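Engineer: Just need the whole structure built from these sequences, with the hints factored in.
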Amino acid sequence: MKKTLLIDFFRSVKGTLSRFLSILVMVALGVGFYTGLKAVSPDMVSAAGAFYTARRLADIVLISTIGFDEADAAAVREIPGVASVTAQLAADGLLYDAEGAPLQSLTGTAYVLRVFGYDFAEPPPLNTLRLVTGRMPQDAGECVVTEREAQANPDIYSIGKDLILRGDGEDLLTVLQTETYRIVGTVESADFLSAELGASQAGAGELSGYIYIPKEAFLRTDAVYLLASAEGAAAYTAYTEEYNAVVAEVMERIEASSGNLVKARAARLEAEYKPLLSAGWEELPLKRKEAEAGLAQAREDLKGLKQAIADGPAEYKAQETAARAELEAKKQELADGTRLYKEKKAEYDKGKAAYDAAQKEIAAFLKEHPEPESELAMAKEEYQKGAAALEKASSALTLAKNALKVARAALSSGLPEKINSAVTLLKQYFPIGDMPLTLEEAKEKITAAETSLAEKEADLTAQQKALADAQKQIEEAESKLAQYAEFQTAGEQLAAAEAELKAAAAQLEQAPALLAEAEAELERKLAEARQQLAQLQTLALTADSRYANKEKEIRDRLAAAERELVRGENLIKSLPTAKWQVSSRDAFAGYANYGDTAVNMEAFALVFPVIFFLIAALVSLTTMTRMVEDERGQQGVLKACGYAAPAIGAKYLLYALSAAALGSLLGAVLGFSAIPPAIFRAYQLLYLIPEMEVHFYSGYALTALGAAVLSTVGAVVFSVLRALRERPASLMRPKAPKAGKAVFLESFPVIWRNLGFSGKVTVRNLLRSKKRFMMTFAGVAGCTALLLTGFGIGASIRTMLDEQFGEDGIMRFDGQALLAGQPEGVDFTVPALPEGITETLPIYMQNLDISSAEHPRTMEATLIVPERTDNLRSFIALDDDKTGAMLSFKGEGVYIDGKTAEVLKLSVGDSLRIAWGGSALEIPVTSISRNYVYHYIYMTREAFAAASGSSAAAPNCLLLKLEAAHREDGESKAALSRSLTDTAEISAVVWNSTVIAEVRGMANMLSGVVMAVFTVSAGLLAFVVLYNLNNINIYERLRELATIKVLGFTDGEADMYIWRENIILTLLGIGAGLLFGVPLHGFVIRSAEIESMMFVRTLAPVNFALAAAVAAGFAVFVNALAHRRIKGIDMVGALKSVE
Amino acid sequence: MAFIEFSGVVKEYETGGAPIRAADGVDFAIEEGEFVIIVGSSGAGKTTVLNILGGMDNATAGSVTVGGQEITAFDNRQLIHYRRHKVGFVFQFYNLIPNLTALENIDIAAELSRHPLPASFVLEEVGLSERAGNFPAQLSGGEQQRVSIARALAKNPSLLLCDEPTGALDYITGKQILTLLQDTCLRTGTTVVVITHNAALEPMADRVIRMRSGKVTDMTVNPMPADAADIEW
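In order, the protein sequences belong to chains E and P. Once you know that position 494 of the first sequence is 493 in numbering that gives the first Met the number 0, the rest is easy, because the numbers rise by one and skip nothing. Once you know that position 150 of the second sequence is 149 in numbering that gives the first Met the number 0, the rest is easy, because the numbers rise by one and skip nothing.
Hints should not be assumed to be uniformly reliable.
If you want the footprint, here are the derived chain P segments under chain E, 3+ residues with CB under 8 Å [unchecked claim]:
#1 86-99
#2 103-111
Label pairs and their computed distance ranges (CB to CB) [claimed, not checked]:
#3 P:Asp74 to E:Ala1119: 19 to 29 Å
#4 E:Gly641 to P:Glu31: 52 to 62 Å
#5 E:Thr702 to P:Asp74: 57 to 67 Å
#6 E:Gln633 to P:Ala228: 39 to 49 Å
No lab work stands behind these hints: they were computed from the structure. Nothing here was measured: the structure is a model prediction, and the numbers come from that model. All C-beta atoms in this analysis are idealised placements derived from N, C-alpha and C, irrespective of residue type, glycine included.
Structural biologist: See below:
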């Protein structure tokens, strides 16, 4: 291609970007949907395959009616073609919460948990576990759960929680070491591939969950399942023919050997069990006695408890009185202490005052006599001296007195000598001078002596008195000193007394606090006592029921032991008919459905892309035709310049080719990466395949690219070839309008004349460009059909629930009460029910595996055998699947639902195969009834009795109808549930509203996704097509539009000039789309359905209205865009010359 | 007051850089019923005058009154109304709707107007009754232009604007068209304004307005206009 032509090409793309993009988008849509939908199936299969390989999913599953032992496993391992074998231990039990209350499944039935034994120390070769969080169990009381369940049900399955299991009618402790398992980790496992876990022998027959425990926790090593892998199967992807062939061959071989193996096992079992059984029967009375003893003990305990409760209040009273008295005594003690203290204090105060006075006195004395001791000693000395002097003076006085006496006597005698001698004597004592003395003189002298003596005597007396005073003073001082010493000791005593008092005061101060404490302690003890009393009383309230529970437990265990023996007997009896069931991976719940689902998706890969490719072709045809015609002048010039036709045409080819290639690339990238994960995510609600890897399938991409190139480039070749055959001159002239301008409508002048010029223009335009007509028509029709399908499916999914459970639906009852086991042989009577329930219907309900000769793979269904048929229709509407006519419920056969009939390829008169206790029942189909959710099959009591060969099963469920007032009121329903389950005969209650609410969330999400996908793709389709049409129309008629605007058309009239054509095409397209949408919806809905559901396959009028309205809405939107362009057209353009 | 009055009309176009003055103070007046020729070379501003007079474009400044109404003050709705009921257009390239027959093309205008002339009557007026059912592509240029004139006349306009009506036609056909226009003006009293670069047409007009560089350079009133058929170029 010449450079200038290349430049021209790029400018063309730039100048006509919206056209280029419309081709690109249509191609991208077609390619995207094709590649994406094509990739879903292989992506889903390979996601599953990768998961199966990672988890080493067994290829073959063996189930025996009598279990497997080590020898069986070894024997199977020896069969040629078997690569490895794993014996899987399993047991089913009912799940209880920590308080011992039974848990409920989503549907309200007992929560059945399957426990798998797994060798954590040495993982088995098949069906391995992968740790996700936490750790693997290390001892018998630990377990792991699947990560998915842990996420979905954290209330039950969180690490650290305990799961408590009980047998359903059997003692699980004969199978397992313990009934309590602590969750220590979460794992990924492949034992279940579907969210529906399938059937169980326990509970209501429906498995709700499963866990893995160390296989050492199993007391019996008999395996329930033998898992085997086929040699060479690992080389092939699951679900492929090759894989199935390899596995089928090995299965046949195992089947062939199974007869002998099962016989050998039967012999071993018989040898093992016979002695055990006879011992068991012997032991049974002993056990019974033991149980009775246990019960007696329990009764005794109960009595003790009751006595304790009876004595409680009196005991408490006594305790209270004693305690209160003690407290009173303590209070008295405190009062006494206080009084004593006060007395002592007064005494002390007195002493203290005396002491203080003495101290004052002593202080004064000391002030006077700073040194009292030495002063005293001096005084004493002086006193002594004084006393001695006094004595001397006294004796001298006495001598003088005597001399005087003598003198007097001498004098009286008058004898001079006597007088002389007397005077001489006197002279010794008195100063009377010398002699000669006359008598007179002597006399005088004696008288003088006498006076002197008197003087001396007085003097002595005074002296004596002074001495006595001194004596007294000394005595006084001595006493003072003694007093001082005494005072000092008194001070010491006083200090001691003070200290004593202080201590006493401190003690007294603390006393009230101690007393308060003592009182508080007392109250606390009393409160405790009261609480204990109250506890005891509450205990008394439940004592009976606990005793009853205990009794039930003991009796249950006893019954279980007995049943165990019976079961053993039955086992022995069943040994001759024992057999193995050899299954492929179909035995894993969900395996087969997943495969079917993946295959179903392929069907979509045809419908969508065909629509989009067809429209892509039409879009590119119109666009390219327009483009080629627009550039006629240029082509003429080029041709005239000497360019060859291929060189000129190459531009258009390149234009279409590059749009197609870019669109394909974009579509493939988006398709491969977006569609499979989106669909896979939706299906993850149902299947447990953890993740999907997106793949790029070059084959699909190339096919899509081929289709895209063919449809776009083919269209170009078609339009270019014609133009390029023309001569340059004619090319340079505007293309003459095609012949046959008059349209057929003109032959009806009445209509034609009344059309007005706009109408005429429109009609002629419509009919002139058939390509454009087809493109728009097909585009809008496709859009409408897609919308109708989308809304239809959305509505189908949403209304399915109402059709199934609504008041006028199929399951018309409001709830089910599950009946506690009824003793066999007792005729069923309806228990007394609380108010609010208007009607009841007892039924026997059982989950079963069903199949047919045409479809040997089993599917699950619920069998319902109503006790009565007269009021059946108030509870369940049995209507014909096709006609909706009411079916009469009678006869020997079975009523199956439409989806079951479809899957199992059964029609009225064919026989349905029901797995029943190890054997298969073949029952003819009487009628096919309408049903949407799950599968229900119905039989009359008589039919069931006849078919199963047993007496008709006792009702195990009561269908309930409520008063209208209760129907929508959750609280009154909860109250009803409580009062119902309080009835001994009823173990659980399920309200349909609960089930619906549970499913509605999922249904709404699914319908939302579906509607979003359909609406978006439909919107794109409509947008591209209508926008393209407007675009071309406006472009082509710029001049016309400018002219009519000059002529005085209003904006609205100018819009209508373009829109009218668009509106007519849209209306026609919508009409056709609504017609075409019906089969499309039917096809898509069948492909999207899963085995356990039949969507409502009819379309409601509202869906037609909605689809038409939304399609019209798209058209309005696109036209609104056109309005802006039309408004922007410059009238002056009308004056310009023709390009 | 004159039927049409231009006073100080300025039209500027913003074209990236400096604005271009397509009309730079245009002043003229036209009396009712006159056959007017606006003549000038390419770029003289005559098309701008036509656009403004035809209500297809707004003036930047100045005023234009037609029949006493100031159309430069009209809003979009009023302009549409003015074009619809007052003005008839004849384009250089006819601008017929290809998908409509000659008669139907005239109907377009007739259906719009309040007091239309019957389409078949107008078609007969322009002498094309026998081609009524033909599509534009089946008509010659002159015939198309006659349909175009008929379309303009069918609206019974008070003003007929013709943009180079003979520009795409040969000499003889052009003459026929001019005759038709002149006759129309004379018979119906419609004011006809013809825009052309061909000065040879001047003699047939009642009034000639000459333009150059966005200005009216000269205006002459012709008391004795020549018959269109007598004009040579």
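Engineer: For the segment 86-99 of chain P, count the residues whose Cβ lies under 8 Å from any Cβ of chain E; is that count three or more?
Structural biologist: holds (count 10)
Engineer: Can you let me know if the beta-carbon spacing of Asp74 of chain P and Ala1119 of chain E is within 19 to 29 Å?
Structural biologist: Holds: the Cβ-Cβ distance is about 23 Å, inside 19 to 29 Å.
Engineer: Given a hinted range of 57 to 67 Å, is it respected by the beta-carbon distance of Thr702 of chain E and Asp74 of chain P?
Structural biologist: Roughly 59 Å apart at Cβ, these two residues keep to the hinted range, so it holds.
Engineer: Do Gln633 of chain E and Ala228 of chain P keep their Cβ atoms within the hinted range of 39 to 49 Å?
Structural biologist: 41 Å Cβ-Cβ, so the 39 to 49 Å window holds.
Engineer: Gly641 of chain E and Glu31 of chain P, beta-carbon distance inside 52 to 62 Å?
Structural biologist: Between Gly641 of chain E and Glu31 of chain P, where Cβ atoms are some 58 Å apart, the hint holds.
Engineer: Establish whether the coverage given for the segment 103-111 of chain P by chain E is satisfied; the threshold is a Cβ-Cβ distance below 8 Å, and no fewer than three residues must meet it.
Structural biologist: holds (count 7)
The structure fails none of the hints (numbered hints given earlier).
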